[in-house]
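**Student:** As a plain string of letters, each chain reads:
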Amino acid sequence: MMTEAKKTGAFDPIRKTFIKVGVLPFFLVGALIIFTALSDKFLSLQNLVNVARQSVYLVLVSMGQMLVLISGGFDLSVGTSIALTSVVSALGMVWLAGIFPDAIWLAIALGAFMGFAAAISVGLVNGVGVAYFDVSPFIMTLGVSSVGAGLALFLTGGVPVSGLPFAFGDTFGFGRLFGVPVPVIIAAICIIVMWLFMSRTRLGTQVYAVGGNIKAAHLSAINTKRTLMMAYVICALIASLTGLLLTARVESGEANLGSTIALESIAACVIAGVSLRGGIGRVENVVLGAFFIVLVQNGMNLAQVSSYMQMVLLGALLILAVIFDQMRYRMILSGN
Amino acid sequence: MVDRSGTPLVELRDISISFGGIKAVDSVSVDLYPGEVVGLLGHNGAGKSTLIKCLSGAYQKDSGEVLINGKPVEINNPRDARDHNIETIYQTLALADNLDAASNLFLGREIVTPLGFVNDAKMEAETRKIMGRLNPNFRKFEAPVSALSGGQRQSVAISRAVYFNARILIMDEPTAALGVQETKMVADLIEELRKDGIGIFLIDHDIHSVMQLCDRASVMKNGQLVGTVNVDEVTEDDLLSMIILGKAPEKAA
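Chains A and B supply the protein sequences, listed in that same order. Per our numbering: the first sequence = residues 10 to 345. Per our numbering: the second sequence = residues 71 to 323.
Certain hints may be false.
[Said to hold, decoys possible] With a Cα cut of at most 30 Å, we get these calculated BS3-like pairs of lysine-lysine: (1) B/Lys-93 x B/Lys-141; (2) B/Lys-265 x B/Lys-210; (3) B/Lys-254 x A/Lys-224; (4) B/Lys-210 x A/Lys-29; (5) B/Lys-210 x A/Lys-25; (6) A/Lys-234 x B/Lys-254.
Please keep in mind that the hints were generated in silico from the structure rather than gathered at the bench.
Given these sequences and hints, build the entire structure.
**Tutor:** As structure tokens, this is what we get:
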């Protein structure tokens with residue numbers, strides 16, 4: 010008995026942190042220790058800045074994924090939204106650049122809007138299926154992701170779309186504003202907007218309510234169907250923005266962009282304490298969660314872990330995070 | 071004594087609701103006057119909850135009429151009900167467990183600043199104000215409501231109805247999950263609301279609490295109305311035989 014009491018005493022602060030913020034701080038500390046030991050380049054400022062820049066894309070998609078997770082569903086079709094956006098906007102830009110060779114920015118803007126439109130239709134189809142036809146989010150977004158990936162491949166015949174206007178890649182892929190990379194600026198703006206949306210707007214609060222208890226939300230006269238719709242559309246829109254940034258980065262429209270991002274974004278959210286049961290999750294933690302995933306990938310690269318083994322570890326990490334999430338949920342329920 | 075000479079606050083006329091060929095409610099008529107508490111009694115499955123849900127907007131009636139202040143109205147969803155100042159406190163307590171008391175109180179009706187952002191500080195202050203009146207012992211303003219006791223959750227649900235000036239209040243077994251002390255609190259609250267001229271439909275199993283709290287009682291059995299009686303004029307046994315045997319006493323009101 011004595012030793013037991015002592016043990017809980019020693020572990021108490023750890024327990025409390027775990028219950029309050031989840032598994033992320035422990036994972037972060039663990040990753041920092043392991044990868045610093047494996048590679049002396051890991052903890053250099055240059056590398057960390059590099060990780061921050063690489064994590065922009067996953068941070069964006071994870072925020073969209075978070076919105077859908079909080080609403081009580083999930084979105085497996087984020088990768089498809091990225092691929093479709095990439096292919097459609099690239100095709101649009103190449104085509105329009107041929108028509109308006111003198112107004113290259115007009116071609117870029119219109120092409121980007123075509124990409125957004127494609128992704129919004131993905132979000133709308135997801136939203137209608139989940140909200141109005143009660144299709145489970147799993148089946149709905151899985152089906153849509155196959156449809157979208159097929160369309161993206163069909164549009165391009167499987168060949169990357171090249172010949173994009175140079176200005177597009179130079180600005181959105183590699184451009185800098187006041188020394189800060191343009192994608193980082195765009196991500197920072199999105200983080201602020203998303204934070205305001207989730208914690209300071211009525212719609213944001215209602216997403217939490219819908220995810221927490223959709224029946225109660227409905228009886229409180231919240232339009233639950235519209236709220237769900239909106240979650241899927243915004244998620245697709247953020248994914249679409251990511252798709253544009255990635256397209257600019259690789260300077261071609263590719264149907265295989267974002268193929269692993271659905272898993273990575275869900276992992277980032279779950280590790281950051283977003284509940285798979287809906288209703289719980291915070292923007293700032295998810296940003297950190299996405300950063301963590303990219304950090305681990307970077308660390309594994311530096312430690313020369315093969316990319317096949319990286320897939321194994323990432324999947325394992327996700328499952329581990331879900332197990333910890335379940336444990337945490339049980340601890341909260343039992344009132345400890 | 072309740073004044074029943076004017077127009078009733080609510081009139082449900084010949085309401086029928088069927089589920090897959092089974093008549094859950096079979097042309098039932100009940101009414102409610104301002105400042106009155108009408109109990110709806112009956113076994114599980116007698117149709118009392120179903121009947122009242124067509125007033126709260128959770129179900130839609132197949133036939134019949136709903137009149138509020140003498141005017142026929144259409145209530146197709148909870149929003150319509152809310153527009154007619156009808157508030158419902160559900161048996162299952164329609165609260166979002168992951169949110170705190172203030173967020174639940176203002177669920178779907180969040181207070182916003184002039185810029186359109188949610189005003190958390192104002193919502194919490196208002197919650198403290200109304201809780202101070204309804205349940206002065208309530209302290210857990212920060213915690214999600216999953217951490218609250220049955221009575222505390224009930225007081226959050228009731229405060230929601232009171233805060234938004236309900237004229238018509240529907241309470242579906244409000245004391246089912248409560249202890250003695252908390253039941254007393256709810257009873258006091260009903261008395262206070264009635265003084266403000268609010269009409270209350272009280273759905274309950276417990277004859278004793280209906281005798282104590284209600285002015286009239288409408289008894290249902292197998293989807294049909296057995297009868298409506300003045301509680302002062304009948305005994306508990308009379309009510310029991312209405313519920314069990316479906317027999318209305320001679321002097322039914």
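**Student:** Would you mind marking each hint as holding or not holding in the structure?
**Tutor:** Hints versus structure:
| no. | hint | in the structure |
| --- | --- | --- |
| 1 | B/Lys-93 x B/Lys-141 | 26 Å, holds |
| 2 | B/Lys-265 x B/Lys-210 | 29 Å, holds |
| 3 | B/Lys-254 x A/Lys-224 | 28 Å, holds |
| 4 | B/Lys-210 x A/Lys-29 | 17 Å, holds |
| 5 | B/Lys-210 x A/Lys-25 | 19 Å, holds |
| 6 | A/Lys-234 x B/Lys-254 | 39 Å, violated |
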